[in-house]
Structures are given as structure tokens and as C-alpha cells.
Amino acid sequence: MLRVIKKMKFWIEKDDTIFLYQLIKAAGLEDDYAVIRQVIRNGKVSLNDQVALSQRQEVKAGDTIQYNSVHVKILENKPQEKESNKVAGYAEKILPEEPIKHGGAKQWSSKPLNAERKLDDQIKQLVIQLHKTLIGKKLTLAMAESCTGGMAQEFITSLPGASDFFLGGIVSYSNDIKTKILQVKKESLIKYGAVSDQVASEMADGVKELFASDLSGSITGVAGPAGGTADKPVGCVYIAISNLKETINKKYIFSGDRDKIRKKSVLELFKFILENV
1 MLRVIKKMKF WIEKDDTIFL YQLIKAAGLE DDYAVIRQVI RNGKVSLNDQ VALSQRQEVK
61 AGDTIQYNSV HVKILENKPQ EKESNKVAGY AEKILPEEPI KHGGAKQWSS KPLNAERKLD
121 DQIKQLVIQL HKTLIGKKLT LAMAESCTGG MAQEFITSLP GASDFFLGGI VSYSNDIKTK
181 ILQVKKESLI KYGAVSDQVA SEMADGVKEL FASDLSGSIT GVAGPAGGTA DKPVGCVYIA
241 ISNLKETINK KYIFSGDRDK IRKKSVLELF KFILENV
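For what it's worth, this note's numbering labels the leading residue of the sequence shown as 1, then goes sequentially.
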């Protein structure tokens with residue numbers, strides 16, 4: 001049996017941090033973060049010959065990523081000597097090793113990686129603060145997400161102890177789920193659209209009632225790259241929270257690619273909750 005294996009190299013700076021899902025995109029193996037999350041969850045990506053099940057697993061110099069027939073070797077600063085390409089049970093045809101660099105993935109720059117790392121770090125710090133604040137006040141939280149697809153919930157549950165305050169959430173991508181599960185009014189969807197302050201507020205109210213939580217948050221928007229209009233361009237996001245007193249919402253216009261828009265939405269949602277606890 002002949003399996004064609006393509007060998008690639010990906011260089012990082014000494015102090016750079018990159019997560020598995022970032023590496024897969026940066027190396028050009030997949031372009032869509034939704035696809036990347038799915039292939040990792042389905043066990044199709046290996047890290048150092050072990051199935052990788054967490055997209056936020058940190059990748060370091062010396063690690064090897066395997067996805068389909070592509071092997072990506074992570075190196076620090078400069079090329080190292082080639083290693084053995086033997087894989088038990090297969091006769092292999094090894095293609096020439098090709099340098100793969102972070103960025104578009106056509107040109108290396110530490111700037112995109114550093115900016116993405118800074119955004120991730122900001123979110124993580126808010127998550128820590130959210131854990132401490134809500135547990136300290138003995139308040140519970142539920143989430144309703146549309147364009148972020150569960151990203152806020154993923155960040156919350158990435159820290160141990162989230163079950164002490166986080167009850168759960170709904171990813172309401174379709175309007176049917178918004179109406180059937182979250183009790184968003186069909187009239188609101190028709191009159192204002194799924195991306196609107198009214199629908200964001202109704203999502204927050206609906207998930208709060210569904211989980212009987214003290215607090216709730218919701219996100220609905222246009223993350224792109226398509227789907228924007230003159231009134232609601234790509235990056236238009238509505239965030240709502242419901243606390244013990246009221247339900248309030250905000251409108252944002254975020255810049256960046258799909259992943260940055262989604263992360264900025266999560267960042268602002270966490271800020272909004274903490275400001276109104």
C-alpha cells in the first residue's frame with residue numbers, strides 16, 4: 001500500500017505561543033475555523049502521534065502535527081536536520097519538505113500571532129474574573145449564542161470549577177431554534193431580523209428562563225466573511241445581558257476576519273456581564 005506523505009516545516013519564534021487550531025490555519029491545512037474545530041473533535045488531527053481532542057492544545061517547537069497525509073514539523077527559528085520518515089506498515093512516497101510560515105500562511109510575521117495571542121489572553125483574564133465574581137456572589141449564568149457558535153461557553157468551561165456557576169447554554173444558529181427553544185418571537189425576527197437588539201434581548205431572556213439562572217448573556221451578529229448588508233455589515237454584532245434587575249443590550253461593529261469578530265464578541269460579552277453584575 002502506497003501512501004503519499006507531504007512533509008512541511010513551520011517555524012516559530014522562541015517565545016511564541018500558538019494553539020493547535022491556529023497552527024492548522026496558519027499552515028494552510030484548512031481555512032475555516034468551524035471546519036478546523038470539527039476535524040479536531042472528530043479525532044482527525046494527531047499531535048506527536050496521539051489523537052488531539054482539544055483545539056486549544058498548545059503547540060511547541062519539536063512537536064509534529066499530522067492531518068490527513070500532511071505532516072507539519074514545528075521548529076524554532078531555523079531549520080533542523082531531517083528525521084526518519086518511516087511509518088510502520090506503509091511504503092511511503094515522501095514529497096520534498098516545504099517551508100510553511102505563519103501569517104496568511106504565505107508570509108511569516110509574528111504580528112498576527114501576537115495580536116491573536118493578546119486577544120486570547122484578554123478573554124482568559126476576563127474568564128478568570130468571571131469565575132471569581134460569580135462564584136463569590138453565588139450567582140448562576142446561562143448563555144445563548146448565534147454567530148459565536150458556543151465560543152463563549154467554550155472559554156468559560158476551559159477553566160475547572162465552571163460548574164459552580166455556569167448552568168449551560170444554547171447555540172441557536174437557526175431561527176427555528178431561537179423561536180422553539182429560546183422563545184424569541186417570530187414577529188421580532190420578521191420585523192427586526194435575527195441580528196438586532198430586540199432579538200439579542202429576547203435570546204438573553206429566553207435562555208435565562210430556560211435554565212432558571214440569575215444572569216444570562218446572548219450574542220447574535222454577522223461574523224462573515226459573507227452575509228453583511230448596508231445596514232448590518234460584516235462585524236455587526238448585538239450583545240445582550242439579563243441580570244437581576246433588567247435586560248440591556250449593545251451594538252458593536254467589529255473589524256477583522258471571522259475568528260477575530262467572534263472572539264471580540266465574546267470579549268465584550270464578558271466585559272458587559274462583569275460591568276452589570
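One or more of the hints may lead you astray.
Heads up, simulated DSS-like pairs for lysine-lysine below, C-alpha to C-alpha not over 30 Å straight-line [claimed, not checked]:
1. K132 - K73
2. K260 - K132
3. K25 - K9
By construction, these hints were calculated from the structure, which means they are not laboratory data.
Now the hints, each set against the structure:
Taking the CA atoms of K132 and K73, the gap is about 39 Å. The hint is violated against a cut of 30 Å. A distance of roughly 26 Å separates the Cα atoms of K260 and K132; the hinted pair therefore holds under the 30 Å criterion. Distance check on the hinted pair: K25 and K9 sit about 14 Å apart at the alpha-carbon level, within 30 Å; holds.
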